[in-house]
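J.: Top to bottom, those sequences are chains A and B.
If you count by the working numbering, then the first sequence holds residues 1 to 136, one letter each, in order.
If you count by the working numbering, then the second sequence holds residues 1 to 137, one letter each, in order.
Source of the hints: derived by calculation from the structure; they are not laboratory data.
Yeah, the Cβ is synthetic: ideal placement off N, Cα and C, and Gly gets one too.
It is possible that some hints are incorrect.
Stated by the list, open to error - Here are the simulated DSS-like cross-link-like pairs (lysine-lysine), alpha carbons at most 30 angstroms apart as the crow flies:
| hint | chain 1 | residue 1 | chain 2 | residue 2 |
| --- | --- | --- | --- | --- |
| 1 | A | K30 | A | K73 |
| 2 | A | K30 | B | K65 |
| 3 | B | K2 | B | K62 |
| 4 | A | K30 | A | K134 |
| 5 | A | K59 | A | K120 |
| 6 | A | K73 | A | K120 |
| 7 | A | K73 | B | K111 |
| 8 | A | K59 | B | K65 |
| 9 | A | K59 | A | K134 |
| 10 | B | K65 | B | K111 |
| 11 | A | K120 | A | K30 |
| 12 | A | K30 | A | K132 |
| 13 | A | K120 | B | K65 |
| 14 | B | K65 | A | K134 |
| 15 | A | K132 | B | K111 |
What the hints assert, rightly or not - Over the 10 angstroms line for every Cβ pair with chain A, so calculated as not near, a few chain B residues:
| hint | residue |
| --- | --- |
| 16 | A38 |
| 17 | V75 |
| 18 | I76 |
| 19 | T87 |
| 20 | Y94 |
| 21 | M96 |
| 22 | E100 |
| 23 | E114 |
| 24 | R118 |
| 25 | N132 |
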Amino acid sequence: MAFLNDLVAFFHTNAVMPAEVTPSDTDREKTYLQNLPATPDNVWCLRIYDSDVPSLVGKQAGVYRIQATARNKVHSTVYNDIYTLWRFLISRPELIEEINGNYVIFDAQTGPLPSGQDEKGNYLYTLNFPVKTKMY
Amino acid sequence: MKVASLQITPTSVSAFRQSLTAASHRVVNAANNSLDFAASMAFSQAQDRVPRVTGALANSGKVVKQNTASLLRRVIGYGDSSLNPRTGRATSTYAMNVHEVYRAAHPDSYKWLELTIRQYGREAFLHDLALNIRAAL
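Using the sequences and the hints, build the whole thing.
T.: So, in structure tokens, the structure goes:
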């Protein structure tokens, strides 16, 4: 999870995602790792859903495939939130960022996907993007 | 000393060009058939992972041939106008949601199509393609 912790902190610093939720938070409308919680309604979730491990050619460089999910009861809010993150990512094509001492390269190849509404009527959007980085 | 004689005539050049054209057609046909095979393999693996409650979503899956003059392409997709018998909704209205949102009830079905294509592409796609083209030639 260390990479996801760093990634959320990086996005939060750049004002495109809420901070990661901590056990002591009373305001829990923040970002969760790997699992989207049932409550509260207005949250983000960042998960690694697949990866390409380093090769003999790539040495330590591997790819994490990340899915960001934004959920909100107000459609315009979740729509603006996910597009803000997407615009942030595509403004950095091929640019190497340094996050907590490690390089990362964002390569958002598709835009946000509307994923409908959940059983409570909240709107969901997802954004999938690979991140190339040092894996060990 | 060895001497080789080579005669090039309009007839021999024409025959050579015809044989190249025939080989080119064989390669394209082989690639086309191989792509059908690879797409059916990938689709079969995706069908093993697609979540099944009523079976409507799985039944809406299909492989579509979308060749153009310069490109051989197969598209695997889920969701169309067919209705879910339990909810009455068209499968196209919820296929994206089911694919993109992780559900604890169907953990192995999360991103069933994307992950199938990635894994099949990484492991066997090119191998299957090459073997079938070679067999056809």
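J.: Confirm or reject each hint.
T.: Evaluation of the provided hints:
1. Between A:K30 and A:K73, the direct Cα distance comes to roughly 14 angstroms. Compliance with the 30 angstroms bound is thereby established for this hinted pair.
2. With a C-alpha separation of about 44 angstroms, the suggested pair A:K30 and B:K65 falls outside the 30 angstroms cut-off, and the hint is violated.
3. For the proposed pair B:K2 and B:K62, the alpha carbon gap of about 62 angstroms is over 30 angstroms, so the pair is violated.
4. At most 30 angstroms may separate the alpha-carbon atoms for a hinted pair to count; A:K30 and A:K134 meet this at roughly 27 angstroms.
5. Restraint check: the Cα-Cα separation between A:K59 and A:K120 comes to about 46 angstroms, which exceeds 30 angstroms; the hinted pair is violated.
6. For the hint linking A:K73 to A:K120, the alpha-carbon distance of about 9 angstroms falls within 30 angstroms, and the restraint holds.
7. As the CA atoms of A:K73 and B:K111 are separated by approximately 24 angstroms, the hinted pair is consistent with the 30 angstroms bound.
8. Using a Cα cut-off of 30 angstroms, the hinted pair A:K59 and B:K65 is violated, with the two alpha carbons roughly 38 angstroms apart.
9. Note on A:K59 and A:K134: the hinted pairing holds, with a Cα-Cα distance of about 9 angstroms set against a maximum of 30 angstroms.
10. This hinted pair checks out: B:K65 and B:K111 have alpha carbons roughly 22 angstroms apart, not beyond 30 angstroms.
11. About 18 angstroms separates the Cα atoms of A:K120 and A:K30, which keeps this hinted pair within 30 angstroms; it holds.
12. Between the alpha carbons of A:K30 and A:K132 the distance comes to roughly 25 angstroms, so the proposed pair stays at or under 30 angstroms and holds.
13. Simply put, A:K120 and B:K65 have alpha-carbon atoms about 39 angstroms apart, too far for the 30 angstroms limit, and the pair is violated.
14. Distance check on the hinted pair: B:K65 and A:K134 sit about 39 angstroms apart at the alpha-carbon level, beyond 30 angstroms; violated.
15. Between A:K132 and B:K111 the CA atoms are separated by roughly 20 angstroms; this keeps the pair inside 30 angstroms, and the hint holds.
16. For B:A38, the non-interface assignment is confirmed: its Cβ lies about 20 angstroms from the closest Cβ of chain A, beyond the 10 angstroms cut-off.
17. Non-interface status of B:V75 relative to chain A is upheld: no Cβ of that chain comes within 10 angstroms, the nearest being about 15 angstroms off.
18. No beta-carbon of chain A is positioned within 10 angstroms of the beta-carbon of B:I76; the least distance is around 16 angstroms.
19. Non-interface status of B:T87 relative to chain A is upheld: no Cβ of that chain comes within 10 angstroms, the nearest being about 12 angstroms off.
20. Not every beta carbon of chain A lies more than 10 angstroms from that of B:Y94, the smallest distance being close to 6 angstroms; the non-interface claim is violated.
21. The Cβ of B:M96 does not lie farther than 10 angstroms from every Cβ of chain A; its closest approach is about 6 angstroms, which violates its non-interface assignment.
22. Not every beta carbon of chain A lies more than 10 angstroms from that of B:E100, the smallest distance being close to 5 angstroms; the non-interface claim is violated.
23. With a least CB separation of 8 angstroms from chain A, B:E114 falls inside the 10 angstroms interface cut-off, contrary to its annotation.
24. At roughly 6 angstroms, the least C-beta separation between B:R118 and chain A is not larger than 10 angstroms, which violates its mark as non-interface.
25. With a closest Cβ-Cβ approach of about 25 angstroms to chain A, B:N132 is found to remain outside the 10 angstroms limit, as its non-interface label requires.
When each numbered hint is compared with the structure, violations occur for hints 2, 3, 5, 8, 13, 14, 20, 21, 22, 23 and 24.
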